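Asker: So the sequence lines, in the order shown, correspond to chains H and S. Per numbering that gives the first Met the number 0, the very first residue in the first sequence carries number 0; after that it's consecutive. Per numbering that gives the first Met the number 0, the very first residue in the second sequence carries number 0; after that it's consecutive.
Take every hint as true, because none was put in to throw you off.
Think about it this way: if two alpha-carbon atoms lie no more than 30 Å apart in a straight line, the pair counts; the simulated DSBU-like pairs of lysine-lysine are:
1. S:K35 <-> H:K54
2. H:K60 <-> S:K98
3. H:K88 <-> S:K7
4. S:K60 <-> H:K7
5. S:K78 <-> S:K98
6. S:K8 <-> H:K54
7. H:K8 <-> S:K88
8. S:K8 <-> H:K7
9. H:K65 <-> H:K98
10. H:K8 <-> S:K8
Quick caveat, the hints were computed from the structure, so don't treat them as lab data. Since the structure is predicted, the reported quantities are computational estimates derived from the model, not experimental observations.
There are 2 protein chains.
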Amino acid sequence: MLPIHLEKKFQLFNEYWTPKILGEFNGQLIKIAKLKGEFVWHSHEHEDELFFVVKGTLLMKYRNDKVLLNEGDLHIVPKGVDHYPVADKECWVMLIEPKGTSHTGTTQTEQSVNEADQEWI
Amino acid sequence: MLPIHLEKKFQLFNEYWTPKILGEFNGQLIKIAKLKGEFVWHSHEHEDELFFVVKGTLLMKYRNDKVLLNEGDLHIVPKGVDHYPVADKECWVMLIEPKGTSHTGTTQTEQSVNEADQEWI
Chain H
0 MLPIHLEKKF QLFNEYWTPK ILGEFNGQLI KIAKLKGEFV WHSHEHEDEL
50 FFVVKGTLLM KYRNDKVLLN EGDLHIVPKG VDHYPVADKE CWVMLIEPKG
100 TSHTGTTQTE QSVNEADQEW I
Chain S
0 MLPIHLEKKF QLFNEYWTPK ILGEFNGQLI KIAKLKGEFV WHSHEHEDEL
50 FFVVKGTLLM KYRNDKVLLN EGDLHIVPKG VDHYPVADKE CWVMLIEPKG
100 TSHTGTTQTE QSVNEADQEW I
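The task is simple: from the sequences and hints, build the whole structure.
Answerer: Shown next as structure tokens:
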């Protein structure tokens, strides 16, 4: 029964592309991550993914499209759609996705962090 | 495939306690509302409710507790728990809850707006 102060939670870690878990509701996990550079092409077969940009700018590339997300923007990546996040400078995001979603989807890379290894902060 | 700019969406309406729908993901609806004054005691039998304070301050009263939420705070109201939101001054919130959730829960009052009557903006 406590408030979760979003910005303060970002001060607790510095790693990039390493989601931290803030809370759970209705089977969805609220996560935050710091992003910098490029990630990997991936999709989530059964899970939509909500992004909210807290700081900076995130370019979400799709196979035939791209969406530039600025601070305060929300964006839903639909299930099954290949996407490739790029952050030229450090970007802070909140993500909401179902428990059990792999952040690299069906793609396994060195950047993959299993959800069981994702830390609650 | 467009960004949703959260703050701009609040400029599209002025009514209090009248949730507007911004998007849907994984069976959850993203809603925003302007709050001022007191609402009603209510609970949602099966649905957790995520609050994010975009502007202002929201006091969430519980039967034996209360939580003061400031700008940038997240808070989860667990399913089945009576709660009573109070905003002394105008407060802007984003809510995420499952499709089909009544915003006054099992309590029907003059302030109730059926989800079918909640507008997408």
